[in-house]
Amino acid sequence: MGANFNKANVERAYARWAPIYDLVFGAIFERGRHAAIVEAERIGGRILEVGVGTGISLPDYARSNRLVGVDLSEPMLRKARARVAEYELSNVEGLAVMDAEHLALPDKSFDVVVAQYVITTVPHPEATLDEFARVTRLGGEIVLINHIGAEGGLRRVFEQAFAPVARWLGWRPEFSFKRLTDWAVRNGAVRVIERRPMPPLGHFALIRFERLADGERRSAA
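Just remember that my numbering sits 5 ahead of the position in the sequence shown, which is counted from 1.
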């Protein structure tokens, strides 16, 4: 892990972005956000959005779902609370400052965990994913939208050139899909069920994991 990926630096980065986050990233990430919501609502129920940020996704969920949002950035959450009030989102159970690597939430307490553009910004992605699996009920799902590093070709060349800017933004541009599949095997309680390219230009992907029942748990070789 590089120096850019400690929690204090991530907090500072997103405090800087909070006032303009929706304006800059709203349209760019809109299709990914909506795809994640569609997949989460296919299961529905109680949904945890990790890295809820300014709450830009919250009004788009059906009111029949119960939502909890957590984020490391208090400035982002202030905007999310204002959005909940503005849209009268009575289905939002709570918004809290919380470290994704140490979720102060009970085991198996959510039907779906959604994390959009989060997993490459945290200092310890695998430990964070372990927490996602812990709080997901058996048969539930983890839905990620994230940049996945290209294995080769022109997109890899572009990503390598863009890497210094990406790290300044708080992203880890070299993050590979294999890192996620290796984590799933080591964790043993989840399996990958989908990887879908997402715009812009396929630089991002929707990845779904199923939380396995206890009898289906695998152990790493």
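Misleading hints may appear alongside valid ones.
Claimed, not checked - Calculated lysine to any residue pairs in the SDA-like style (CA-CA distance at most 20 Å, straight line):
hint	residue 1	residue 2
1	84	99
2	84	61
3	84	112
4	183	218
5	84	111
6	113	103
7	183	197
8	84	50
9	113	135
10	113	89
11	113	193
12	183	152
13	113	196
14	84	113
15	113	61
16	113	94
17	84	34
18	84	136
19	183	215
20	113	125
21	113	128
22	113	101
23	183	143
24	84	102
25	113	221
26	183	207
27	183	102
28	84	66
29	183	194
30	113	143
31	183	132
32	183	219
33	183	99
34	113	83
35	113	65
36	113	152
37	113	207
Just so you know, the hints here were simulated from the structure itself, not pulled from any lab data.
Against the structure, the hints:
| no. | hint | verdict |
| --- | --- | --- |
| 1 | 84 - 99 | holds (14 Å) |
| 2 | 84 - 61 | holds (9 Å) |
| 3 | 84 - 112 | violated (28 Å) |
| 4 | 183 - 218 | violated (23 Å) |
| 5 | 84 - 111 | violated (26 Å) |
| 6 | 113 - 103 | holds (18 Å) |
| 7 | 183 - 197 | holds (11 Å) |
| 8 | 84 - 50 | violated (24 Å) |
| 9 | 113 - 135 | holds (12 Å) |
| 10 | 113 - 89 | violated (25 Å) |
| 11 | 113 - 193 | holds (15 Å) |
| 12 | 183 - 152 | holds (13 Å) |
| 13 | 113 - 196 | holds (16 Å) |
| 14 | 84 - 113 | violated (28 Å) |
| 15 | 113 - 61 | violated (26 Å) |
| 16 | 113 - 94 | violated (24 Å) |
| 17 | 84 - 34 | holds (18 Å) |
| 18 | 84 - 136 | violated (25 Å) |
| 19 | 183 - 215 | holds (17 Å) |
| 20 | 113 - 125 | violated (24 Å) |
| 21 | 113 - 128 | violated (24 Å) |
| 22 | 113 - 101 | holds (19 Å) |
| 23 | 183 - 143 | violated (24 Å) |
| 24 | 84 - 102 | holds (13 Å) |
| 25 | 113 - 221 | holds (16 Å) |
| 26 | 183 - 207 | holds (17 Å) |
| 27 | 183 - 102 | violated (30 Å) |
| 28 | 84 - 66 | holds (18 Å) |
| 29 | 183 - 194 | holds (17 Å) |
| 30 | 113 - 143 | holds (7 Å) |
| 31 | 183 - 132 | holds (16 Å) |
| 32 | 183 - 219 | violated (24 Å) |
| 33 | 183 - 99 | violated (34 Å) |
| 34 | 113 - 83 | violated (28 Å) |
| 35 | 113 - 65 | violated (24 Å) |
| 36 | 113 - 152 | violated (27 Å) |
| 37 | 113 - 207 | violated (32 Å) |
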